[in-house]
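Please build the complex by placing chains B and C on the supplied structure of chain A, with the hints as guidance.
Take a look at the letters that make up each chain.
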Amino acid sequence: MLLSLGANPLSGYATMFTAAFGSLEGFSETTVKSIPLLLVGVGICIAFRANVINIGGEGQMVMGALLATAVALAFPAFPSFMLIPMVLMAGAVGGAFWGAIAGALKAYFNVSEILSTIMLNIVAVQFMNFLLRGPMIDPAEIERGTGIPQTMRLSENADLPILLEGMRMHLGVLVALLVAVGAYFLLWRTAIGFRIRSVGYNPDASRYAGISVPKNVTSALAFSGAMAGIAGAILVFGSESHRMVTDGGSTGFTGSAGFNGIVVALLAGLHPLWSVPSALLFGGMLVGANALQRAAQVPSALIIALNGLIVVFVVSSEYFKQRYAQAGRVEEPDDNDNGVIVTEGGNNE
Amino acid sequence: MKKLNLCLSAALLAIILIAPSSLLASGKALRVAIIAPSAKNDLAFTQSIVDGIKAIQKDREIELAITDGTFVVEDAAAAIRDYAKKGYDLVLAHGSQYGGSLKEIAPDFPNTSFAWGTSADTFGLANVSSYEAASDEGGYVMGVMAAAMSKKGGVGVVGPIEVGDAKLYVDGFVKGAKAQNAKIRAKVNYIGSFSDVALAAEAARAHMAAGADVLTGTAQMVVGAIGAARAKRVAWFGTQANQTELAPEIVVASQVYKWEVILRKIIADMDAGIKGGKKYEINLANNGIVIEFNDAYKLDAAVKEAGMKAMAGIKDGSIQSGASH
Amino acid sequence: MSDSFAVMIIVATIASGIRLATPFLLASLGEALGQRSGVLNLGVDGVMLLGAFGAYYAVLQTSNLYLGLLVGIGLGLLIGLFYAFITLNLHAEQGVSGIGIYLFGLGMSDLLFQKLVGTPRPILPFMPLEIPVLSGFPIVGEMLFQHSIIVYIAFALVPIMSFVLHRTTYGLNVRAIGENPEAADSLGVSVMFTRYSAIIIGNGLAGLAGAALAIELGIFQQNLTNAMGFIAIALVYFGAWSPKGVMIGSLVFGLVQSIVLQCKTFGVIPRSASDLASMAPAIITILALVVVAKRFKQPSALTKPYVRGG
Numbered sequence: 001m002l003l004s005l006g007a008n009p010l011s012g013y014a015t016m017f018t019a020a021f022g023s024l025e026g027f028s029e030t031t032v033k034s035i036p037l038l039l040v041g042v043g044i045c046i047a048f049r050a051n052v053i054n055i056g057g058e059g060q061m062v063m064g065a066l067l068a069t070a071v072a073l074a075f076p077a078f079p080s081f082m083l084i085p086m087v088l089m090a091g092a093v094g095g096a097f098w099g100a101i102a103g104a105l106k107a108y109f110n111v112s113e114i115l116s117t118i119m120l121n122i123v124a125v126q127f128m129n130f131l132l133r134g135p136m137i138d139p140a141e142i143e144r145g146t147g148i149p150q151t152m153r154l155s156e157n158a159d160l161p162i163l164l165e166g167m168r169m170h171l172g173v174l175v176a177l178l179v180a181v182g183a184y185f186l187l188w189r190t191a192i193g194f195r196i197r198s199v200g201y202n203p204d205a206s207r208y209a210g211i212s213v214p215k216n217v218t219s220a221l222a223f224s225g226a227m228a229g230i231a232g233a234i235l236v237f238g239s240e241s242h243r244m245v246t247d248g249g250s251t252g253f254t255g256s257a258g259f260n261g262i263v264v265a266l267l268a269g270l271h272p273l274w275s276v277p278s279a280l281l282f283g284g285m286l287v288g289a290n291a292l293q294r295a296a297q298v299p300s301a302l303i304i305a306l307n308g309l310i311v312v313f314v315v316s317s318e319y320f321k322q323r324y325a326q327a328g329r330v331e332e333p334d335d336n337d338n339g340v341i342v343t344e345g346g347n348n349e
Numbered sequence: 001m002k003k004l005n006l007c008l009s010a011a012l013l014a015i016i017l018i019a020p021s022s023l024l025a026s027g028k029a030l031r032v033a034i035i036a037p038s039a040k041n042d043l044a045f046t047q048s049i050v051d052g053i054k055a056i057q058k059d060r061e062i063e064l065a066i067t068d069g070t071f072v073v074e075d076a077a078a079a080i081r082d083y084a085k086k087g088y089d090l091v092l093a094h095g096s097q098y099g100g101s102l103k104e105i106a107p108d109f110p111n112t113s114f115a116w117g118t119s120a121d122t123f124g125l126a127n128v129s130s131y132e133a134a135s136d137e138g139g140y141v142m143g144v145m146a147a148a149m150s151k152k153g154g155v156g157v158v159g160p161i162e163v164g165d166a167k168l169y170v171d172g173f174v175k176g177a178k179a180q181n182a183k184i185r186a187k188v189n190y191i192g193s194f195s196d197v198a199l200a201a202e203a204a205r206a207h208m209a210a211g212a213d214v215l216t217g218t219a220q221m222v223v224g225a226i227g228a229a230r231a232k233r234v235a236w237f238g239t240q241a242n243q244t245e246l247a248p249e250i251v252v253a254s255q256v257y258k259w260e261v262i263l264r265k266i267i268a269d270m271d272a273g274i275k276g277g278k279k280y281e282i283n284l285a286n287n288g289i290v291i292e293f294n295d296a297y298k299l300d301a302a303v304k305e306a307g308m309k310a311m312a313g314i315k316d317g318s319i320q321s322g323a324s325h
Numbered sequence: 001m002s003d004s005f006a007v008m009i010i011v012a013t014i015a016s017g018i019r020l021a022t023p024f025l026l027a028s029l030g031e032a033l034g035q036r037s038g039v040l041n042l043g044v045d046g047v048m049l050l051g052a053f054g055a056y057y058a059v060l061q062t063s064n065l066y067l068g069l070l071v072g073i074g075l076g077l078l079i080g081l082f083y084a085f086i087t088l089n090l091h092a093e094q095g096v097s098g099i100g101i102y103l104f105g106l107g108m109s110d111l112l113f114q115k116l117v118g119t120p121r122p123i124l125p126f127m128p129l130e131i132p133v134l135s136g137f138p139i140v141g142e143m144l145f146q147h148s149i150i151v152y153i154a155f156a157l158v159p160i161m162s163f164v165l166h167r168t169t170y171g172l173n174v175r176a177i178g179e180n181p182e183a184a185d186s187l188g189v190s191v192m193f194t195r196y197s198a199i200i201i202g203n204g205l206a207g208l209a210g211a212a213l214a215i216e217l218g219i220f221q222q223n224l225t226n227a228m229g230f231i232a233i234a235l236v237y238f239g240a241w242s243p244k245g246v247m248i249g250s251l252v253f254g255l256v257q258s259i260v261l262q263c264k265t266f267g268v269i270p271r272s273a274s275d276l277a278s279m280a281p282a283i284i285t286i287l288a289l290v291v292v293a294k295r296f297k298q299p300s301a302l303t304k305p306y307v308r309g310g
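In the order they appear, the protein sequences are chains A, B and C. Note that our numbering gives residue 195 to position 195 of the first sequence, counting from 1, and the numbers run on in steps of one. Note that our numbering gives residue 251 to position 251 of the second sequence, counting from 1, and the numbers run on in steps of one. Note that our numbering gives residue 183 to position 183 of the third sequence, counting from 1, and the numbers run on in steps of one.
To be clear, the hints were calculated from the coordinates, so they are not data collected in a lab. Hints should not be assumed to be uniformly reliable.
[As the list claims (entries may be wrong)] Below, computed lysine-lysine pairings styled on DSSO-like, alpha-carbon distance capped at 27 Å: (1) K152/B - K304/B; (2) K215/A - K115/C; (3) K115/C - K40/B.
[What the hints assert, rightly or not] Residues of chain A placed beyond 12 Å of chain B at every Cβ, according to the derived structure: (4) P36; (5) G134; (6) M152; (7) L178; (8) F185; (9) S212; (10) V213; (11) A295.
Just so you know, even glycine gets a beta-carbon here, dropped at the ideal spot from N, CA and C.
Only chain A is shown next, with the shape it has when bound in the complex (with noise of 0.2 Å):
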């Protein structure tokens, strides 16, 4: 089927190879790619170990941006080293708002968090298009007539601070592994995460220990939504344009980075720390394919389709790990890398 198109596979796998990990720019283009990826993977992994399902990291991603554009709108003036901060705080904030809305109306009202994050999505991107052809239009663009729904170039003093001279990999890498590391403390090194795993591992048994169901169900959610947040303002800020701009739907902005990472942390075995490198290799996968896009012209349909491919084969490639790891001639690297997710079915109630 895909050798109809005529190729030489092997020469499309060193363009891929080279172009993610082959020089140190590659590398840089990787590791900015990675950076939501990474977030929003994180974020998945404290939803999960709850037992929640967050498919909302579209819409978390968005409305983490929008309120971290508005703060960065609203204080253009402020030094840096208060603004940065400021700005990605209020992506945590706006991303765990949306989290904690589907966590709430899970944990109270008994709606389903599938249900509710993939309605939220639709809602924060209309939300984001009122947002960005009214209310947070650039001036000029009114003036000009050209209507082009985005907001004026932003503060500088906000702009993401490059690490590698010449290169584009800035500040948000150092952000999202120390997210990663902080996420791991959370759930393995303090009372919250506790009580996020023990109410996800057995929901019964946490209320007779006097664990709130409900609270840690929404706060997984809300903590899940503010890694998606922060992994939205970082894409505002790191981002080429320093602006934000809709095409009228989510993917133009994310990359449909609120899907891929939960790819990204399961194959982490939902683990925090392992999310690094899984996301690093997800994100190499999209460098890659994008610069075989542009060198030798393969349609990005056939890009969109392989990545699913390889998804699909690599989740089933657990199977024979799992297997192998039985036979006792693989050790396994980590206690949490246990592949098959069981996510427990039955409701809180």
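Frame of chain A, contents of chains B and C only:
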């Protein structure tokens, strides 16, 4: 283990992965790259610019690279940067959502010419040109004809989101319809999406139920609206590309973008050593916008006449078709 | 506005809502069946896209609409078989492999379209099929009985599926396995066969949903479904895994969409707020569920792979 698995699987897939092996040989040809949001054969916005370059290719050697389907803005930015780095002479960022990125990238490549649209902003940079389409002009002309041919006194417009080129076209169409018949019911429905084909179809049906017997619409989801209009044999005016093929029975005329008109100027400037800094517009007067009629549609001569008159009025400046033009 | 005109508009709005609801209904019926047996499929949208392209291409080549529907179903069944294999035999995590299927469908349908068709060409859709006698009734006739055949098929599937789930041994097996596969297995019910068949039929319905969409619209283009498959998944939760429930969910979503469209057409909603109005279907679906959701419980074994004795 995860890493290993991913690598192995990726490698496995790479075996069946394909890449067209023949890279275009680079000679002295002008090297042009297009970055565009939708498919290069979308019968709409993206195809219009590809056709524009192809028209020029007939009398000039151009090495063309196309990165289409790039709806992720940051991916487009990476592509713009990459093409500039690879030494392309002219990089066309064909999407108004790409402008913010281009503004930041272009200064890093002073020897590369960039052009983007649709917009009217060169950011004051010497190597960036902007281009736009006065789609309100074609919209106005077709609005005049739509109002002239409507028997029920109602015309309907299906739009995506009220922004940019779509807004320009829709406003022009409504203005034209009202100019022709002050009592016309010109209803506009922005469905809130550039991609929801099913919703666009129902929007067209809502217009027809409300008494519209001539329809138009803009953006890529209108294929659904065209289908709905075709089922009821309600007349349709197209824009961005000739949409006759989509419904030969009902398409009266289409506004078509001929970007080659301004692309030739941009390339001529480049030959003369001018890298950019200019604003371009295609319009009726410079034949960058043309109204292509569907010969198979039996159009009342008086209706066509009204349209021609409006066209002449816009060309000589006696008619203002849009809010800001 | 005269009364008769108002009635006409209301009739048109409801008819429009029913048409909009149809692809959601088909896809969520299929997803509900799969989930009842304990398997989550997030790849519905990808299956719909492949079904849509397959149906469109078949009709383009043969002008046979029924063949188009069959091709759509067939592609769905095939992917269903594949999905069943990787989730049931290889125990692939259902959430992720579903996303993989979605990406594959999204890309592959577009790629095939570009390679085999290129420039969009229209196909002629089904003509409305007027049900004799019933379609002649004023108001109700026009509202309910002048649709294309696909609409009738979709709504006819609701009682059929209810019957199968609640009145047949097979349906009992599906529900038992979704709740407690161990117990069902010990009673001699084949978990593998039941889940395989539920997934395959469910995906077949998703393929049909895509085919219905493409044929109804008479066209295909990149991402034709516009994430409808995800909404269909959400509606399964709205409908609490019952065919009647997902029908109500699909109708609520479709009708709110059509009412918003109608309001926009008549300028009831100012254009500056048009995006806000477009949120209505999503918000109302959530709110409606808030009102009724307390009593729902999902299949206990949902997303859990079944390992005998494990």
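Structure-based check of all given hints:
1. K152/B - K304/B: Distance of about 18 Å is within 27 Å: holds.
2. K215/A - K115/C: Since the Cα atoms of K215/A and K115/C sit roughly 52 Å apart, the hinted pair is violated (cutoff 27 Å).
3. K115/C - K40/B: Judged against 27 Å, a Cα distance of about 12 Å means the pair holds.
4. P36: Answer for P36/A: violated, closest chain B Cβ roughly 10 Å.
5. G134: violated (9 Å)
6. M152: The claim breaks: M152/A does not keep its Cβ more than 12 Å from every Cβ of chain B (closest is about 9 Å).
7. L178: Given a closest Cβ separation of 22 Å, the condition holds.
8. F185: At about 21 Å from chain B, F185/A clears the 12 Å cut-off, so the statement holds.
9. S212: Check passes; 34 Å lies beyond 12 Å.
10. V213: At roughly 31 Å from the nearest Cβ of chain B, V213/A sits farther out than 12 Å, so the non-interface label holds.
11. A295: violated (7 Å)
When each numbered hint is compared with the structure, violations occur for hints 2, 4, 5, 6 and 11.
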